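Respectively, the protein sequence lines represent chains G and H.
Residue numbers for the first sequence follow the working numbering, so the first one is 116 and each next one is one higher.
Residue numbers for the second sequence follow the working numbering, so the first one is 2 and each next one is one higher.
None of these hints come from the bench; they were simulated from the model.
Among the hints, erroneous ones may be present.
Derived pair list, reagent style DSS-like, types lysine-lysine, alpha-carbon separation capped at 25 Å [to be verified]:
#1 H:Lys-6 with G:Lys-197
#2 G:Lys-237 with H:Lys-178
#3 G:Lys-731 with G:Lys-658
#4 G:Lys-246 with H:Lys-261
#5 H:Lys-13 with G:Lys-263
#6 H:Lys-102 with G:Lys-136
#7 H:Lys-13 with G:Lys-231
#8 G:Lys-150 with H:Lys-261
#9 G:Lys-149 with H:Lys-261
#10 H:Lys-6 with G:Lys-263
#11 H:Lys-31 with G:Lys-136
#12 H:Lys-27 with G:Lys-154
#13 H:Lys-178 with G:Lys-142
#14 H:Lys-6 with G:Lys-217
#15 G:Lys-154 with G:Lys-338
#16 H:Lys-31 with G:Lys-263
#17 H:Lys-178 with G:Lys-205
#18 H:Lys-31 with G:Lys-217
#19 G:Lys-132 with H:Lys-261
#20 H:Lys-261 with G:Lys-142
#21 H:Lys-178 with G:Lys-231
#22 G:Lys-217 with H:Lys-27
#23 H:Lys-102 with G:Lys-142
#24 H:Lys-106 with G:Lys-338
#25 G:Lys-132 with H:Lys-106
#26 G:Lys-205 with H:Lys-102
#27 H:Lys-6 with G:Lys-142
#28 H:Lys-261 with G:Lys-263
#29 H:Lys-17 with G:Lys-142
#30 G:Lys-154 with H:Lys-6
#31 G:Lys-217 with H:Lys-17
#32 G:Lys-340 with G:Lys-398
#33 H:Lys-178 with G:Lys-132
#34 G:Lys-205 with H:Lys-13
#35 G:Lys-197 with H:Lys-31
Since this is a predicted model, take the numbers as computed values, not measurements.
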Amino acid sequence: MNKSTVVKVQNISKVYKLYDKPFDRVKEALNPFKKSYHKDFHALDNVSFEIKRGEALGIIGRNGNGKSTLLKIIAGVLTPTKGHVNTRGKISAILELTSSLKPELTGLENIELNLKISGFTKPDELKQKIKEIEEFAEIGEFIHQPVKTYSSGMKSRLGFGIATSSEPDILILDEVLAVGDFNFQQKCLAKINGMRDNISMIFVSHSMNSVRLFCDNVLVLEKGKKAFYGKADDGIKYYLEQEEKKKQELKKKEIKKEIKPFYGDLFHNKEKVTEVEYKWIDKNYQEISKAQTTDKLGIYIKFKLSYNPIELVVGLPIWDIHGNYITGISTEMDNFKITKNENDYYEIYFLFDNLLNPGEYVNIISIVDKTEVLYRNKNNILEVYSLKSRYFGYITIPHIWRSNLYKKIINFKNYQLFVDVNDKSGLSYDSKSSYEEINNKLYKEIKDKYNPDIIIDVGANYGFISIVLSTIFKASKIIMIEASSKLIEYIHCNMKANNITNYELINAICAEIDNEERDFSFNPNGSQDNRVIGENNNWDTSKVATVSLEDIIKRNKGNFYFLKIDTQGYEPNVFLGAEEFLLNNNNWIIKTEFAPYWLKSQGFEPKDFLKSLLDKYIVCESPNRITYKGNSLTSIINNKLKVDEIDDFLNYIVNYNRDERGWCDLYIFPKKIRN
Amino acid sequence: MLVLKTFFRFLKDIYKSRELLLTLSKNDFKEQFLGSYLGVFWAVLRPTLFMLIVWFIFSVGFKGHTDSDTPFVLYLMCGYIPWFFFSDAISGGMNSIVGNKFLVKKVNFRVSILPIVKVLSVLYLHFILIGILIIAFLLYGYTPSIYWLQLPFYTFMMFLLVLGITWIVASLRVFTKDISQIIGVILQLGFWVTPIFWSIERVPEKYLTFLKLNPMVFIVDGYRNSFINHIWFWENTKYLPYFVITTIIVLVLGAVIFRKLRPHFGDVL
């Protein structure tokens, strides 16, 4: 035997001799002429394998396929009929958790007895071990009571504690984790995990998860024969495949036998329903019998009725081939009214994204008038296939995976900001911080003078500006509007990180009207330049509902409003949506981005927009890097834009950056500005 | 030869587990007698009561039956105490394996020591009874004689005999319950064919050889020879070789049968 090998099992067979009477066994064992008194039952058939030091071997297989017999042979409780087992080191086995306990002895005596049998004789060592087991088993005062008075849970805990405390070199566990509650299982798992490095382990379980967790190698037994031996993952896969095959065979037999099919009786009221047609269709309405997973597909139904129905309902239950009811959808649950076409036909198209996993599916077309069944028939079997290999369960729900969602940036004052690490523009907030700090003075002046109680942040992105604003307008409610649903969770996270609780977050495109679905485009180069209309077809889009500022302001009554607008060229629509409020009230100040290049990308003429702003409001440039004109509210207002300056201003702004991408911030005030 | 080899390997195995043997037998003894309030008293009471009754019947009821001038009660004790050990050890040892399933199903446990544990545990009680026997002799005015020293020899020989028998019956008992009944009957019969309260000298010559097939005759005789008749065991030339050979045969047979049946215990229990 190799030095690193701890268990070597060589060509083991176990034949159970089935005797009619127990005493026949004695007659046979002692018979000098070796007369046979039995019938043979092969529990194990020529099994051999080796376990190395520190290795964990899982043995899996159905009940009655020889797992426990094998363990008992390795443990030395049973004797193999043929072959032999060599083991090196002390073996501790938990074959039946409680079998090592004597019912008449108390828990303590049982512990002591078992430890002595395991060779712990020194009093100190014994005491230490007893304490250890007592603590593990958590039996409390009952430890002084006979084991026969214990609950099965207590017995299991005690048995497990004793078996694992004897410092074995080889630990044999037979279905140990099948008993006991969840806590006990976890405790055992922890204990096993702790011992794992020093000992070799043989583990029998029906829980594939535990096997995967603990075992390096797996032995699959089938009817006493070695069906598979190899890496744990491969072994489990092999076993599950075999199980699935058996199940299928069994099911097939059952289906043949079944008199009444799982989908119920078929029925056709020929007087009332005629010319029924139905088929599976693809997204182009062509008939199909096969579909790929994730395809768009549907069911087409056409029929004629000989009378006027009271309340026509079409139901489409779907089963898999084994009779599992996958889903059932009817026109009734969606309140869908079926109408006749000009040729008196009822035609229905039922369309859906295929979530079904590969397999064959049975569909029943059922036509019901109120409670009267008119028609019930089986659609063709739909075969769903896939090019991928791994599927689990009945359906695959639409999903995305992400990891490393957050990255923390703390580079300014006490603000904390979390951004998506995959978002290129998210990381650029570092550079923005300094210039928002300049604005701080202005914000403070606005607070002192007007004390706005509602702050609206249109185009919130990661919520950075809202965070800055919240530190100044401490008591105000902050309303953020952000169209990108991907950013919503970050904003919530950032609000939490900065202890901002008085806020409302709206996932919508801020526009001129409410509740209209529009495409919103995601810039692959970073979320700060997401736009309603993307620059080219490569941008991903998703449907987002619109909301108007008018509506938000109506819902949030306040004494004074401070609005920050930054929507990458969509500002004209944002203003349009608030125009009625802005013209009729003077309790507001707006800080908006003015970016000619982006305005053009959204289909607006920058000059027209600027002109219309000047017509309706007082427009001033915010003090920033371009044409700095003082740093107080009064100095800004004193330098308000005049109509004859528009062309020069626009020219100056546009050309400030390369590619005519210059931009600036504007402060907008009502004509009748409050003092 | 093979039989002897098996036998010696068997003895070696047992020698290896001698510490465990002691612990377990002490446990067994304690468990049996120390659990109850009166403890060892019960253990002693049973044989004592029996002897009292027999003594009462024979020395008060039907007087004058022994040839010697030894008090009948001492004569009786010399016979009954070894017999009590013999029958108690065999009937207890018989169930030693069946009653300890939990140990048989344990890894690496030498099941062969279970019968020994039981016999040892009964032996402890036997020592107590011998103590009582000695006290009884002293009370009747007997002075300790050098012949008393051969008592350990007889006890040891009886121990070996009992052990061999126990190995046989304990392993057979695993397979069938009938053994308990059979042994019960044999022990009962044995009680009457062993000269416990009657004297072997009174038996007619023609039955004597037949009676002496019972190895316990040698033991009971031996106890009496030590205490009463003052005869050395080697002086019993006729019976000694027969007994030794019988004991060795029983012991070897017991070990071999046990070893042969041992692999099947797991299948049945």
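Taking the hints in turn, this is what the structure says about them:
no. : hint                     : in the structure
1   : H:Lys-6 with G:Lys-197   : 23 Å, holds
2   : G:Lys-237 with H:Lys-178 : 40 Å, violated
3   : G:Lys-731 with G:Lys-658 : 32 Å, violated
4   : G:Lys-246 with H:Lys-261 : 40 Å, violated
5   : H:Lys-13 with G:Lys-263  : 36 Å, violated
6   : H:Lys-102 with G:Lys-136 : 20 Å, holds
7   : H:Lys-13 with G:Lys-231  : 20 Å, holds
8   : G:Lys-150 with H:Lys-261 : 15 Å, holds
9   : G:Lys-149 with H:Lys-261 : 13 Å, holds
10  : H:Lys-6 with G:Lys-263   : 42 Å, violated
11  : H:Lys-31 with G:Lys-136  : 37 Å, violated
12  : H:Lys-27 with G:Lys-154  : 43 Å, violated
13  : H:Lys-178 with G:Lys-142 : 15 Å, holds
14  : H:Lys-6 with G:Lys-217   : 34 Å, violated
15  : G:Lys-154 with G:Lys-338 : 17 Å, holds
16  : H:Lys-31 with G:Lys-263  : 19 Å, holds
17  : H:Lys-178 with G:Lys-205 : 35 Å, violated
18  : H:Lys-31 with G:Lys-217  : 15 Å, holds
19  : G:Lys-132 with H:Lys-261 : 16 Å, holds
20  : H:Lys-261 with G:Lys-142 : 12 Å, holds
21  : H:Lys-178 with G:Lys-231 : 31 Å, violated
22  : G:Lys-217 with H:Lys-27  : 16 Å, holds
23  : H:Lys-102 with G:Lys-142 : 22 Å, holds
24  : H:Lys-106 with G:Lys-338 : 24 Å, holds
25  : G:Lys-132 with H:Lys-106 : 19 Å, holds
26  : G:Lys-205 with H:Lys-102 : 21 Å, holds
27  : H:Lys-6 with G:Lys-142   : 23 Å, holds
28  : H:Lys-261 with G:Lys-263 : 33 Å, violated
29  : H:Lys-17 with G:Lys-142  : 31 Å, violated
30  : G:Lys-154 with H:Lys-6   : 32 Å, violated
31  : G:Lys-217 with H:Lys-17  : 24 Å, holds
32  : G:Lys-340 with G:Lys-398 : 51 Å, violated
33  : H:Lys-178 with G:Lys-132 : 20 Å, holds
34  : G:Lys-205 with H:Lys-13  : 20 Å, holds
35  : G:Lys-197 with H:Lys-31  : 42 Å, violated
Comparing the model with each numbered hint stated earlier shows that hints 2, 3, 4, 5, 10, 11, 12, 14, 17, 21, 28, 29, 30, 32, 35 do not hold.
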